[in-house]
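*Asks:* Letter by letter, the chains look like this.
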Amino acid sequence: MSILNKFKSGLNKTRKNLLGGIEKVFSGFSSVDDEFFEELEEVLLEADVGVKTTMDLIEELRDYCEEENVKESAELQKFFEDRLIEQFGEGSTKLNSSDVKPTVIFVCGVNGVGKTTFIGKLTNKLQKEGNKVMLVAADTFRAAAIEQLKVWGDRNNVDVISHQMGSDPGAVIYDGLQAAKARKVDYVICDTAGRLHSKTNLMEELKKVNRVIKREIPDGPHESLLVLDATTGQNAINQAKAFGEATELSGIVLNKIDGTAKGGVVIAINKELKVPIKYVGLGEKIDDLQEFDGKQFIKALFDRG
Amino acid sequence: MMLQGLSEKLQGVFANLKKKGKLSEKDVKEAMREVRVALLEADVNFQVVKKFIKTVREKSTGQEILNSLTPGQQVIKIVRDELQELMGGQNEGLNLNTHPAPIMLVGLQGAGKTTMSVKLAKKLSQDNKKVLLVAADIYRPAAIKQLESMAEQQEIDLFQLGTNNSPVDICKAAMEHAKKYGHDILIFDTAGRLHVDDKLMDELDDIQQATSPCETLLVVDAMTGQDAVNVAQNFNDKLGISGVVLTKLDGDTRGGAAISIKAVTGAPIKYIGTGEKVENLEVFHPDRMASRILGMGDVLSLIEKA
Ligand SMILES: Nc1nc2c(ncn2[C@@H]2O[C@H](COP(=O)(O)OP(=O)(O)OP(=O)(O)O)[C@@H](O)[C@H]2O)c(=O)[nH]1
Ligand SMILES: Nc1nc2c(ncn2[C@@H]2O[C@H](COP(=O)(O)OP(=O)(O)OP(=O)(O)O)[C@@H](O)[C@H]2O)c(=O)[nH]1
Ligand SMILES: [Mg+2]
Ligand SMILES: [Mg+2]
Numbered sequence: 000m001s002i003l004n005k006f007k008s009g010l011n012k013t014r015k016n017l018l019g020g021i022e023k024v025f026s027g028f029s030s031v032d033d034e035f036f037e038e039l040e041e042v043l044l045e046a047d048v049g050v051k052t053t054m055d056l057i058e059e060l061r062d063y064c065e066e067e068n069v070k071e072s073a074e075l076q077k078f079f080e081d082r083l084i085e086q087f088g089e090g091s092t093k094l095n096s097s098d099v100k101p102t103v104i105f106v107c108g109v110n111g112v113g114k115t116t117f118i119g120k121l122t123n124k125l126q127k128e129g130n131k132v133m134l135v136a137a138d139t140f141r142a143a144a145i146e147q148l149k150v151w152g153d154r155n156n157v158d159v160i161s162h163q164m165g166s167d168p169g170a171v172i173y174d175g176l177q178a179a180k181a182r183k184v185d186y187v188i189c190d191t192a193g194r195l196h197s198k199t200n201l202m203e204e205l206k207k208v209n210r211v212i213k214r215e216i217p218d219g220p221h222e223s224l225l226v227l228d229a230t231t232g233q234n235a236i237n238q239a240k241a242f243g244e245a246t247e248l249s250g251i252v253l254n255k256i257d258g259t260a261k262g263g264v265v266i267a268i269n270k271e272l273k274v275p276i277k278y279v280g281l282g283e284k285i286d287d288l289q290e291f292d293g294k295q296f297i298k299a300l301f302d303r304g
Numbered sequence: 000m001m002l003q004g005l006s007e008k009l010q011g012v013f014a015n016l017k018k019k020g021k022l023s024e025k026d027v028k029e030a031m032r033e034v035r036v037a038l039l040e041a042d043v044n045f046q047v048v049k050k051f052i053k054t055v056r057e058k059s060t061g062q063e064i065l066n067s068l069t070p071g072q073q074v075i076k077i078v079r080d081e082l083q084e085l086m087g088g089q090n091e092g093l094n095l096n097t098h099p100a101p102i103m104l105v106g107l108q109g110a111g112k113t114t115m116s117v118k119l120a121k122k123l124s125q126d127n128k129k130v131l132l133v134a135a136d137i138y139r140p141a142a143i144k145q146l147e148s149m150a151e152q153q154e155i156d157l158f159q160l161g162t163n164n165s166p167v168d169i170c171k172a173a174m175e176h177a178k179k180y181g182h183d184i185l186i187f188d189t190a191g192r193l194h195v196d197d198k199l200m201d202e203l204d205d206i207q208q209a210t211s212p213c214e215t216l217l218v219v220d221a222m223t224g225q226d227a228v229n230v231a232q233n234f235n236d237k238l239g240i241s242g243v244v245l246t247k248l249d250g251d252t253r254g255g256a257a258i259s260i261k262a263v264t265g266a267p268i269k270y271i272g273t274g275e276k277v278e279n280l281e282v283f284h285p286d287r288m289a290s291r292i293l294g295m296g297d298v299l300s301l302i303e304k305a
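Chain order of the listed sequences is A and B.
Numbering-wise (numbering that gives the first Met the number 0), the first sequence opens with residue 0 and increments by one.
Numbering-wise (numbering that gives the first Met the number 0), the second sequence opens with residue 0 and increments by one.
No wet-lab data here; the hints were simulated from the structure.
One or more of the hints may lead you astray.
Said to hold, decoys possible - Some chain B residues judged to face chain A by a derived CB distance under 10 Å, without partners named:
hint	residue
1	Arg35
2	Asp42
3	Ile52
4	Gln108
5	Thr114
6	Glu147
7	Lys198
8	Met200
9	Asp201
10	Ala209
11	Cys213
12	Met222
13	Gly239
14	Gly242
15	Thr246
16	Glu281
Each residue gets a CB set at the ideal place from its N, CA and C atoms; glycine is no exception.
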């Protein structure tokens with residue numbers, strides 16, 4: 000498959016899965032009546048958008064219909080689309096990069112969401128774009144986490160800086176950054192151990208490794224990406240808030256949208272935190288990664304052409 | 000926090016109900032609306048919530064309830080009883096009635112299968128069983144290494160054939176190995192997979208056919224949202240799961256997925272994972288889970304007193 004086709008099929012897959020079904024309510028009803036709103040409410044709730052955000056959205060739409068005397072769903076759709084586009088951030092979803100090498104990418108999230116796999120995929124992507132990449136195995140806690148990252152390092156043929164299991168994650172990051180500077184890599188990506196956002200000591204550790212990065216590279220990390228699992232329900236909001244307090248998040252990676260989950264909780268997260276989604280994960284293979292452009296996505300979502 | 004507020008609101012609603020000498024349908028409706036929100040916020044599946052509310056409402060608005068001396072308390076009791084019903088009654092232990100007894104762990108990627116395999120192995124070996132962990136995930140990078148290193152740490156036997164044999168062959172060979180070396184229990188750590196991945200779902204079916212496990216346990220991340228029903232339904236249709244294990248309950252998730260899964264599969268929740276460490280394993284208690292989901296530990300005790 001050509002790169003362009005791959006991109007298109009990725010976007011199609013994203014469109015079909017992420018928030019899929021919402022557009023059908025608009026095409027299924029010609030007029031906006033109570034039944035329409037009931038259906039929309041149901042679809043939003045079933046997509047994990049959450050009660051509060053769903054109610055807010057519905058109320059906004061109802062108000063708009065009343066004020067503007069809107070009777071047809073096609074008319075309302077335009078408003079809804081614009082509303083979502085506004086929400087999905089006009090902000091850039093491109094990966095930040097530093098003028099001075101290396102660009103430091105910090106990856107965090109709760110257990111098992113797909114952090115390490117995402118790093119493997121992102122490395123592949125950055126390398127294809129002609130960058131030199133290095134990985135740092137700062138998950139020193141989970142069994143075979145280091146070996147797992149090394150497999151991804153081998154697949155991409157890049158260096159992986161690691162210490163022993165059980166060692167201090169700050170120390171390996173320090174070494175990683177030194178090596179990245181010495182070897183003049185373009186990107187250095189730090190894998191961290193999965194941790195539940197409600198565990199104070201583990202979140203403190205996250206802050207500590209962030210301080211290590213800042214000491215070595217004052218304007219780093221240039222990207223702090225929070226990885227979320229699209230299967231997750233309302234708890235993802237708490238995750239985003241807590242990780243956002245521990246480290247200034249620059250983007251979200253939404254993994255596992257190749258399943259049947261709709262990932263609607265990102266609407267709520269976007270609304271509250273204004274952190275853009277930068278990538279979506281569409282599978283376990285090295286090229287199952289898609290750049291995410293909110294505007295393009297929402298347009299595609301409603302575009303049945 | 001939103002949920003905190005909700006819990007307080009619910010308490011208010013229930014307290015109000017309790018006080019009322021007479022109850023109108025409107026009162027019940029109001030209370031049900033709050034319960035509905037609580038359940039949805041806890042990630043209980045939309046359709047399951049709908050059915051639950053309908054049942055409770057029907058039972059609550061009968062004349063014998065509304066005209067009783069303590070209608071509020073009656074409604075509260077109905078909510079509690081229905082929740083309990085949904086969550087299942089007493090905890091059910093593992094069924095290990097063959098020798099050796101194979102246990103198969105299945106589920107989505109990253110749900111916590113490998114960790115749970117070792118937790119169960121440890122627990123069973125503490126009950127003086129000879130347990131064999133079987134590395135049946137040949138796909139995920141370093142999956143075998145992960146199981147191996149945990150097994151070694153806990154001093155539990157491990158069976159593996161690397162990544163060049165099919166998972167079915169690995170499990171079959173493990174059965175022979177267990178018979179030969181006198182293991183009582185085998186635990187198959189299978190690879191994570193999507194419930195809609197036909198090829199990989201067939202693979203699980205094949206393992207099941209070849210080894211006839213006593214238990215096929217679906218491992219589910221307690222943070223799962225609305226999709227839990229699709230996942231559980233698909234795994235159950237394909238494999239007929241015998242039980243469920245919920246993981247990552249050490250966080251602040253309400254865990255409404257528990258209700259959804261029980262509702263669609265009928266399979267009992269047997270254990271819960273409450274941390275990354277091997278000792279973080281607990282027996283499942285339906286009543287505690289019910290109050291967690293509604294965010295109303297206090298409310299339930301309040302109801303108890305009612
Ligand atoms: N279907 C699907 N599976 C994925 C995706 N991304 C990762 N996975 C799988 O999810 C599981 C967990 O992925 P990891 O990359 O190990 O997750 P992690 O966040 O690093 O996990 P911890 O380090 O243990 O917290 C693995 O089986 C991956 O293959 C995705 O986009 N889709
Ligand atoms: N906090 C917490 N983390 C857990 C729990 N159970 C497992 N984990 C973590 O969740 C992540 C995934 O666990 P695994 O056991 O690798 O999950 P898996 O289902 O085998 O993953 P795949 O084989 O990739 O499908 C790891 O970081 C585990 O340490 C739990 O009960 N609580
Ligand atoms: Mg990892
Ligand atoms: Mg595993």
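*Asks:* Which hint numbers does the structure go against, in order from smallest to largest?
*Replies:* Per hint list: 3, 7, 8, 9, 10, 11, 13, 14, 16 violated.
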